[in-house]
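Here the structure of chain C is known, so what remains is to put chains S and X in place on it, guided by the hints.
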Amino acid sequence: MSDVMKSTITPETYLVRSPLYRLHKAAGAHFDECSSAAQVTSYGDRSAVSTALIDLSVNHRFGVRGPNALAALAAAGLSVPDKPNQCVNSSNGETVLRLSNTECWVLGAMESGACSADSSAFADCYPVYCQDSHACLLLSGEHLPDIMAKLCGVDLSEHAFPKGAIAQTSVARINAIISHLPDREGTHFVILCDSAAAEYLWGCLLDAMGEFGGQAAGLDYLF
Amino acid sequence: MKMMNCPLNGLRNISEFVHGGEVKEMPDPNSCSDDAWAEYVFYTENGISVVTEWWLHAPSGYWFIAERHTGSDEILKTYDPSVLFNKRVEFSAPVTEGMA
Amino acid sequence: MTSMIDNSMRLNAPMGLLLNRDNAVEFLFEGQRYQGYAGDCIASALLANDRWLMSRSFKYHRPRGPLTMAGQDANTLVQLGGDPNALADRTPIAPNMQIEGQNYNGTLDKDRDAMLGHFGRFMPVGFYYRSFFKPMGVWDKWEGVIREKAGLGRLDLNFEPEYYDKKYLFTDVMVVGSGPAGLSAALKAADGGAQVLLVEEMPLVGGALAYNRFDIEGIEADRLRAELIAKVEAHDKITVMVDTVCNAWFTDNYLPLIQGKRLFKVRAKECIIASGAYEQHVVFRNNDLPGVVMCSAATRMMKLYAIKPGQSAVVLTGNDDGYLTALELNDHGVNVKAVVDMREGAAPMDLIDALSKRGITLHQGYTVYEALAEKGNKRVKAVDVRKITAKGEVGNASRVIDCDLLCMSAGYMPAYQLLCQAGAQLSYADDLAEFTLSKLPEHLHIAGSVNGIHQLDSVMADGQRAAQLALNNLNLSDELPGKVSCSVKPNFDWPIFSHPKGKDFVDFDEDLQAKDIVNATRLGYRDVQLVKRFSTVGMGPSQGRHSALPTARLVANSTDRTVTETGVTTARPPFAPEKLAHIAGRIFDPYRRTPMHHRHLELGAKMIPAGNWRRPAFYGDPNERDACIHTESVHVRNKVGLIDVSTLGGIELKGPDAAEFMNRIYTFAFLKQPVGKTRYAVYTNEHGVVIDDGVACRIAEDHFYVTATTSGVDRVYRDMTKWNAQWRLDVDILNVTSAYCAVNLAGPDARKVLETLVTDTDLSPEGFPFLAYGEADVAGIPARLLRVGFVGELGYEIHVPSRYGEALWDLLMDAGKAFDIKPFGVETQRLLRLEKGHVIVSQDTDGMSHPGELSMTWAVNRKKPFFVGCRSVDIVMAQPQTRKLVGFVLPAESKKPEEGHLVLEGDAITGNVTSCEYSPALKQIVGLAFAGINSSQPGDHIYIRVDGQLVEAEVVNLPFYDPDNLRQEM
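Keeping their order, the protein sequence lines are chains C, S and X.
Under my numbering, the first residue of the first sequence carries the number 1, and numbering increases by one thereafter.
Under my numbering, the first residue of the second sequence carries the number 1, and numbering increases by one thereafter.
Under my numbering, the first residue of the third sequence carries the number 1, and numbering increases by one thereafter.
Hints listed in this document are in silico derivations from the structure and should not be mistaken for laboratory results.
Quick caveat, the model's predicted, so the values are computed rather than measured.
Take these hints with a grain of salt, some might be off.
Heads up, simulated BS3-like pairs for lysine-lysine below, C-alpha to C-alpha not over 30 Å straight-line [what the hints assert, rightly or not]:
| hint | chain 1 | residue 1 | chain 2 | residue 2 |
| --- | --- | --- | --- | --- |
| 1 | X | K141 | X | K166 |
| 2 | X | K722 | S | K2 |
| 3 | X | K864 | S | K87 |
| 4 | X | K166 | X | K59 |
| 5 | X | K672 | S | K87 |
| 6 | S | K2 | X | K166 |
| 7 | X | K722 | X | K59 |
| 8 | X | K639 | X | K269 |
For reference, chain C alone in the conformation it holds in the complex:
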């Protein structure tokens, strides 16, 4: 897509909007279309930034639960973690988060933002509307355990919280699900929080990152 086209995309063009789109717009971010919504592609030059915070809220995700949930996802060709509070990548780039013995969430592949299915495709499972109930933030780069230690009482250092681990805990006094993404170079924490509290947590994370020079960024930080 050309630069001219990019600059014409504004989040209000779409019916679907991230709860954070105004912050991005106010910061002069560039958007591109993703899952019928505007996804931040760039927040300006972030090449020298050690830690980035990226809003993936408009990326596709869905959840299923119930006694059949794990088997149904596996039958659909997705990789399902062996134990609760773990995540694995599937071959199609989607990440499966296992939150309990009977509940998994599926995050769309990061670059495309899309999922190959939806919870409605799993008729014998109960749907979880995590696309709407939760905002999805990606914290990426260096000092992540130190940054999170300012907000969260769970030890997220590499030895206690390796790649593929999930912590369902309290971050800055709201509930959140932190996933340490597997199979990806560098450290990446996906943070899922109450979508109504997205603006609050976004501010808290940027504040905590400031000490380390962390900044908001777009998808171009990753690709």
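Chains S and X in isolation, oriented as in the chain C frame:
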């Protein structure tokens, strides 16, 4: 701050948990005496002993059961509620006398 | 302004471990300019300029100078700009820092209130309690005067808030204190494979190794310290934090550390307390004069800050350490006139020889009975030395020795605070005259002088022993820890020499003398806790670091008990004074916003809190509340309005047992609720009290969507999941509050507006009647439509996935333009529903309200086997009812009752107003109130006390507005 071991999420600050009261057996609400019902609703044991309690891990919405000593406040063990509750509970129809 | 640049009291390097002599720093004290070096604390920089008077005492305004040089006393509290009570012996100087003394009237040097000391005998212990107790009100008259004289520093109320924050730290082993015990413990634990955090309160590691002398030659401390530091620095498993105080011990080794403007919350699997011991003072007359210091204070002055503490000195000791201090002073050119040893024949020969080789006189079995000073008490000038004749008693023969420095050491008190907070037991060993600690919790260990181990090699071994215990608990080792013992007794049994003229201070912070403590016991306060509260001993900033031991001894002695029986007062957090800013940190105050939040702001909404959400109260001038609400309500009644109701709770129930589950939770019957219909749902708790309500939509046979109140949904959801953890029904329970947002489109034109956006659903009164539920496409947005009538007009609640929320609002506002749509706020909604007589659970109900009182029995089904509150509802409903929630009206011009105003029957309170507003639709005041059962029928009158006057209101049938419900069923 105290810590508690959640059977699903592991050792966490107690601030992540919500106390749900003692595990109590409900008398049959349609046949027990008023006194037995009042005992169930209003009274809890307050001795120095091990108590069995409901606890909720709020961030994951997971209820579990903990055995705690009220003297030392030590949490002796925690486990999934299915250990104690493993079959469907039914309620009998109310006694209809006087309700004609 | 004159400048004092003196530094005449400085010693040469290598003295002054903390100093950077290349970096001179100028600062102001009491308006006078001084110079020190980077690394100096305020006290050392002033001492370098031979300034000893730094502050005045709390009660008698006595001149005070440094006592411990370690922040363990309140003698040198100073004011730093707007910051009171800074410890001069711990706070580093900074360029152009402005420092002032505290507690004086006039100047620090010439305090007009210094004569307060002469009135000391008229201000006995408990003076304030006893003098201002009667007559009633006398304290109110005197309080201002007394506080003016006795305050500590000044607060700057125009301060600029600064950024403080908190951070978690996680470690296997945390070691508190970096003296020889802490260093050896840290090394042993790290060598064993544990991650170690070593915390030191002072700016440098080493503890006593950095300032104390451990041998006659004076070489061992430096050698050992260098060796240990090299090892610690080279160890990648050890993290060192200096200038960091561990301020408490909380359960499961939760340890707050304060460093600068950050509070660290440490979680340590194992914790080793090597906090050391506080050197103790000797109680004699004028023991508080500037120039009277602890032995360790003198050595700290020399080794840490290169300060020569005096020209001529006397050392008063009850142990061998005083001898080593004398040698250190002598080495640095201080003329040591005498060592006065309170013991008789206890000192080892090599120390006695070392003194005599240097020509230092030794008096064994003697004490200082009084310190003498020039008029004004600004510096000690001599001491009166006398022979000890019995416990606490001296002979008449007096020997006056001139000196400008008196160093004292009566022994040590373990730094027990953190350990006692953890539940350790403190008991007094009579043979050692020392408190010892025992009964530690499982993952807490103790090492070094705090453990009563004082010989250097034993201290090191004790650190290793503690580390071994920690390693064993961590499953990193299984060796047996070695036994460590110590043969040294550093404490003198009775270092208290009361003087008939007093000023023999037990507690320097609170100006308490020996007789004050004894008198408290004579007045009947035998318990040390009561002595503390009566006399205020130990309540000052140093929290009994020096007063606890002599107080325990004095109380034990005068009440014929042992010191163990007497004990010390409870040690509570914090260990050292901390700022509220540290506790507050960077405050986290979560808030939630609906997807339409910013649209409300753009439309000029006056926002109000609703739980952790913010909601529009109304739109328009915040000062014109009543007019705005009036206009909005009339608009909804006559045209069409739009309100954001996204904060409503939403719970989804899905599965074969969904209807059975609904039936068990809510009071109504739900098994036969038709698909595509809504039904009112009331939730009672097990006490039979109504605690929430909502609307249940049956989406499918096995699928319900039920709303809950904004503040109640979390509770309802938790209760539901807890019940089903027991019932094991085949149903999935999902909290969808944030997943769905919603608006209520209400007013006679609501259908017309919605019809412009919905093409796939017949919205006619027949096709989508009152109480219908359906799914529709609203201009591309998948929506759930509920035809409900909370405000009493034709209306649709439109629930959509949150991501579409703002677009939905925009579409409706756009489509509504042709119909003059206007947004309305939650206060307007409250008025509209009041006109319809709808109850808001928690506003119009309280913790006792059962369905009968609220006229909700129509929504309670007692033919079904069970609902949560069923039995309690049966029981309370069988009792005679005493009150009822009723509607009342008053003429428009009447005084308007407010929520909470009482309903009276004669003198008896029978209820209270729960909601009340002027109704533009009815042109009268309408309200809901609990009324006594005898005046709850339409036509009865109730009496409401409004601002002291009784207002008579008439009870009427509900609803007030549109009693036939024609408008909402249009």
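Against the structure, the hints come out as follows:
About 43 Å separates the Cα atoms of X/K141 and X/K166, which puts this hinted pair outside 30 Å; it is violated. With a C-alpha separation of about 23 Å, the suggested pairing of X/K722 with S/K2 holds against the 30 Å cut-off. With a C-alpha separation of about 21 Å, the suggested pair X/K864 and S/K87 falls inside the 30 Å cut-off, and the hint holds. With a C-alpha separation of about 37 Å, the suggested pairing of X/K166 with X/K59 is violated against the 30 Å cut-off.
Restraint check: the Cα-Cα separation between X/K672 and S/K87 comes to about 25 Å, which is no more than 30 Å; the hinted pair holds. For the hint linking S/K2 to X/K166, the alpha-carbon distance of about 18 Å falls within 30 Å, and the restraint holds. Distance check on the hinted pair: X/K722 and X/K59 sit about 59 Å apart at the alpha-carbon level, beyond 30 Å; violated. Simply put, X/K639 and X/K269 have alpha-carbon atoms about 66 Å apart, too far for the 30 Å limit, and the pair is violated.
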